[in-house]
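Using the hints, put the two chains back together into the complex; each one sits in its own frame.
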Amino acid sequence: MKKILSIVALAAFPAAALLAQKQAPPEPLPAKGFQVPAPKKLTLPNGLGVTLVPYGTVPKVTVRLSVRSGHIDETADQVWLSDLMGDYLTQGTATRTATQIAEAAARMGGSLDVSVGADRTEIGGDVLSEFASEMVQLIADVVRNPKFPEPELTRLKADRGRQLAIARTQPRPIATEKFVAVLYPNHPYGRLFPTPEKLQSYTLEQVRAFHAANFGAARSHLYVVGRFDEKALEAAIRSAFGDWKKGSDPVSNVPKPVSDRAVYIIDRPKAVQSTVILGMPVPPPSSPDWIQLQVTNTLLGGFFSSRITANIREAKGYTYSPASTVSTRNHDAYWAEIADVTTAVTGPSLKEIFFEIDRLQKEAPPDKELQGIKNYMAGTFVLQNSSRPGILGQLAFVDLQGLPDDYLNRFVERVNAVTPADVQQQAQKALTDDKATIVIAGDRSVIEEQVKPYGPIK
Amino acid sequence: MKSLTVALLSGAAALLAPGGGLASPAPPETAAGSFSVPVEYRKLGNGLKVVLSKDDSSPKAVVAVYYNIGFRIEPKDRTGFAHLFEHMMFQGSQNLGKMEFIRLVQSNGGVLNGSTRFDFTNYFEIVPSNALETALWAEADRMKGLQINEENLKNQQEVVKNEVKVNVLNRAYGGFPWLDLPQYANTNWFNSHNFYGDLKDLDAATLDDVKKFFSTFYAPNNAVLVVVGDFNSKQVGAWIDKYFAGIPAAKLAPKPDISEPRQEKEKRASKPDALATRPALAVGYHAPKRNTPEYYAMGLLDQVLVQGKDSRLYQALVQKSGLTGDVEGGINSGLGHMFNIDGPTLWDVSLYYDKDKSSDQILKVLDEEIAKVQTTPVPKEELDRAMVKIRSNIYDGIEGFFGFGRADLLASFALFDDDPQAINRMEENFRKVTPELMQKTAKEYLRPENRTILLIEPKAEEKKTDAKPAEKSGS
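The listed protein sequences correspond, in order, to chains A and B.
Going by numbering that gives the first Met the number 0, 204 is the number at position 205 of the first sequence; the sequence numbering is gapless.
Going by numbering that gives the first Met the number 0, 244 is the number at position 245 of the second sequence; the sequence numbering is gapless.
In isolation and in its complexed conformation, chain B is listed as follows (with noise of 0.2 Å):
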């Protein structure tokens, strides 16, 4: 568990410089201290799943519509297709026009944005809460169908094209470790291929695609509805039936086989960067599966592991060997964190390093460190250290980017759990996880055989001395 507030691969870009409810609302705080989030859950008629969960500190709202397609099980010959897709749901629909979607919600006061992840792409607004109807008119128009030409689908090619060359191509490290490490790391082609797309594959795309894509995967009983923040419920209700519940069901395909095999053997790729002028090195491990108790021991073996400067590996990475400066990383750190995504993913370590290291220093100490939690049961004091931590980032989860990530989470838990209380078991399905269970998941999912290490190879020359620029202008 990374951090619970989402960073943002944007579509539209990013735009701030960001009834009849089965559950009764709890309490916000408890008497011990810890949160509770309101959670009120129902299905439409047509499959739409929707979460409701008031917040009413300050007069906004967020609608997030979270559709069960990532760029994962997007079609084979059409590599980042998923995400072109995205950004044509900003093209235009029915009663809004090119532009219109964008204008209807900023000229209200609002932001928005939409992000296309392994398993979900996501759409959302934060709005003020008396502009909450106008969005949710405004989604659901978009659900019922897009009215784009090839104008606009040229227009966006070049612009997630320019989309890639800024993140990949036009710089040193791009696609480190994010984009690249899941490439090398997976075999089975839904997990292993380039998402963010090839630019040939991105060029071939056709209007009939988009249309294809849209009736395959963007019906309402693929989709969940949330609406976080300040608002009547019984109003609220009221505008999803109004705009919502008439559009139509459609007949979902089966999902593919997305699973991953166990891997038996240590995989080491090497990646030279024409940009990059000091090396880099990723480890991703296979992580454990989604909501099995071996998932929240790898969530807290990640704080241990490389949460925080008192993690283990910054301390002996960074404070005591100074082989680095950082350690990053985390379960599904690159596009999110352990909650929000549902089929196979990594837990991985990201570092910069020198010329005058080697990767084989650094993975010596990595590997005692993996060692420790293999073989020696982690203390009670670390472990309560860790479960603070844990505290804090759910808190941060649930109240991030003005409510957006308790949005999120939610999502998460509706769409691949049908169960978005679940956003209130969060702490608890950590603490029941025993120091056993801990050395355990780590012997079997922190094996050298299950893991794969990628080395960026620098290939630009670094300039000795610089030029002093600001003397130099200076008139």
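Chain A on its own, in the form it takes in the complex (with noise of 0.2 Å):
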């Protein structure tokens, strides 16, 4: 051991002879093929689509519908009232209690959730394998029969309360609320809590008028991915959903967002950090730019390797936890480099940002740099694609945003196929800086002079 103490002591040391002994990594082998799962489709006479994926080799699987409803559906004032819809529905039913709807999914080792989003309204749960068909009639009974009891209202309502206001006491979620409102004024997308005073104003009436309106087979897709009995479960599917009524087609309202440059700082006292959100809308999944942009977001921010986190992390320890992500809605998404950092060097972290963002812009990445990145994403496309949840995500990504058939399968091969020049050109196309909305969490007295010079103060 003491022999290895003495190399690390010998470190601070720039010695060109350590680093002529250095060995090189082992190769690795050539790469595995990887096929997707293929699922097997069928679309009910009422419109439901149904996709199933045997997949795995554990006993279990997920079943979940996925009901093309959320915040998409909301008036302005309406924000959160699919939400309370949401957790209505496993408040009862016509034949089942809240007690008894629980205690059916915990005998089939799993729980029923409800999550509402943007976009869709999603209903299911994780189970044993043998309880698969029992689930999907399960997941059918709360979204076609619930019976939103009355006295559940006042407690269903106190607990999103409850939430909101622990959500407001979140950096990421207030700044997070300003980005998308700049993003998406006079939106759905761009109102992402409501005020305490209008959650406590719904009324069980609204409540069922917003899942009469919107839950019905038209809009669902029910998707089972894992191991099961195929043909007992499309029986049971068939069964349970096939005389559900058609219901309403999904409301297309695609978003027209705006971003100009300007620094938007809410103010949190004393805060020891700056939580940014830098950003600005980008071309949604279903353009011909998609991959090359996805390529470029992971080399400038996406991954530990990036770009921006080596420079603000690796090399200046600004921050612990910075990335960038590409943030999809229905046939819209936008751009954004996330981080929290230390409050004394958040002018600093914003000019590296941009330094990282220009340096794409005029110089196309090395080769070997690039290389890495396509690697990284072929070898993260295998995994996204091996798990239960991570392969229905994917599926159901295709289908939300109308992508063609073969997209999963021609993924790895499209990445590859992105040019050093096709990632400057998406950061010269995409990320314009004069677009890039700037969002601060942090303690205005000590930011706002650092963060003058990049944009107009709001």
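Hints listed in this document are in silico derivations from the structure and should not be mistaken for laboratory results.
One or more of the hints may lead you astray.
[Claimed, not checked] Example chain A residues on the side facing chain B (calculated, C-beta under 10 Å, incomplete):
#1 Lys21
#2 Pro29
#3 Lys31
#4 Asp125
#5 Arg312
#6 Gln370
#7 Leu382
Positions of the beta carbon are idealized from the N, C-alpha and C atoms, including for glycine.
Structure follows, in structure tokens:
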């Protein structure tokens, strides 16, 4: 062990001799082929889409109904009405109490969860394989026959009110609230939180009406991924959903996001960090630029080896958890770098983020760096398609965004076709500096002077 | 047992959005429909424990190295050092300079991370199976020794201080309950210090500390290497011999006494939170010792009391009384699950509530439910349900996070019990628990005297009327 320690001590010296002694890592073997598990698709006469994917070795199955409804269906006076309705689904049906629903799901080795998002409300769970059909029936019961028991309304609203109050104490949610409000004015995507008063004003009639207007077979898709008896399952699906009302078609309300170079400060006196969101609208997943944009994002800030992370974390130590992301909604997307940085270096952090964007706009990335990005994306693509929720999420993304059936099978091939010039061009076209909206939740008295050079302060 | 899939406190940041076997691999599925994990276990001459588990459901492999050094036993004048050191393991080794380890893994299509827990520090890579040898070589390289300088240390001190800020200091309810509760509940310093670290202690760390820590704890005879995934056992065995067998063993220091005395008096603590707007409450009970019959009984009680919406506490506190919207908890719930901890741990329950309710109201409901499991055997139907939840949870653990969940369980059983085959006996051990044992366990471990109550006092003002940002910023 002594010898090893002496090497640590020597490390302070820039010794060329040591570098020369370095061993090269063993080269990877040729990559094995990977096929995305093949889905079986069918559509019931009432319009319900069904996707079944036999997958995996452990005897479990994920069953999830995805309804094309969510915040997108809320008016400015209904923010979180969809969430309240979602909470209500598991509070009882014509034949089951809330407790019976919870116990039924638990007996299958899972739980029945409802999550409401911008474009979709998802109802389902992950259960032991032998209960796949029973889970389908339980999901059908809660979405088709919810009882909306009146006595639960006060409790459910109090719970949502508490969640709202707690979310508003945290820097990321309040920064995100401002960021989406700037990008999506007068659109549901721009309304992250209701006011507490508005939330408490919702009535049972509104909840019922929201469900009646937005839930039905034509707007829904059932995904089943895992191990299951296909014949029995298909019969159960037809029996549970075959006579569900068709309902209305999904609402298409694609926003026209706006963004102008400006800095929005949300004051958090004495905050030891500034929570920064810096981003702009970018082309949606259905755009021909999409894959190139994904590669560009990954290289710039999308993973640990990316340029922005290497800069502001590993070189400068300004932050622990920086990351850039392309956040998608239905036929819409924005790019953003998000980082919680030490208050004293808020301005310098913006400087470095813009430096990395500008550098990519000026110079195409070296081949070797780009090849590493492609390899990373090919490898993580395998991982994304190697779990039940992962596979389900990928298929649901393709469906929502209206992507071609071969999107997943051709993804890696298309990533590999991206050139250094493509990446530079995407940085120029999509990540335009003059469109960057900057939101900072932090101590205004300390950071205002620091961030002034980066745009008009609002 | 909260969830067997681990929530990671990341060292290298969250990165996805994540020969000579003694036992013959078991078939993946038995006729009864239960699932068996193939396990091959051996020790190298230098003491390194090696566990292999094949899973060729997709072309990937997990390499995980667990060192037998948790933050519990870090140096007394260096709180947070075990975790800071974890970061240093990404800063450079003999053949891989700064950022090179991470780039090597990622540019070959893999993800990686590290984390520090009560009883271990782990490092893992999930790679396409064709890059398995590369990942093994890289882990061996840093097991041989680090090559880092003052600048690397300074950089990671800043990164770790930012980690503490983002997870604890710059947010409401920071550290609740996972970082706070053990500090109030435990009396032995090893279990009760601030293991994320005082910022002062983090700043005080030197390169000398790093060297000393490495030579004390980072040796093959203090570690386990697990490989899960799509591989050829013979080939992987040969690679492991080639890269790891030559690393010298170290003389290990005796482990300090980490035991906790039996708690004889209930403790109550209150923590003002300048950023919080609603109160929160956590209750922690010292749990039974690992692998005892009572430990498994506690695991079943956990299912009955707090896991899932069918659980008694959820039903009583949420569904029936509306005192809160959710109840969380479990054994070692804050930083793992009941199987990846060795020393003293807590079974806890935590929730957020409103100012118009009192903590006593909540505790009264909790006490009523605890009294029921102490005085009345859990009915068969409910016990059956708890067992189904456990079986399902074990499957999740075995396959969770792309095979890392399996690696985590195998590493824990190898590191703490020298028995990775125990992964196939988890369900059986729960099945041995009788309703009588559950009652007895509840009487001893869910005594009020065995618990610590932590209240978060909200000190921030909740704005009654919020601005409507969407409308305001509309053009």
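For each hint, the structure was consulted:
| no. | hint | result |
| --- | --- | --- |
| 1 | Lys21 | holds (5 Å) |
| 2 | Pro29 | holds (6 Å) |
| 3 | Lys31 | holds (4 Å) |
| 4 | Asp125 | holds (8 Å) |
| 5 | Arg312 | holds (6 Å) |
| 6 | Gln370 | holds (7 Å) |
| 7 | Leu382 | holds (5 Å) |
Violation of the numbered hints given earlier is absent; every hint is satisfied by the structure.
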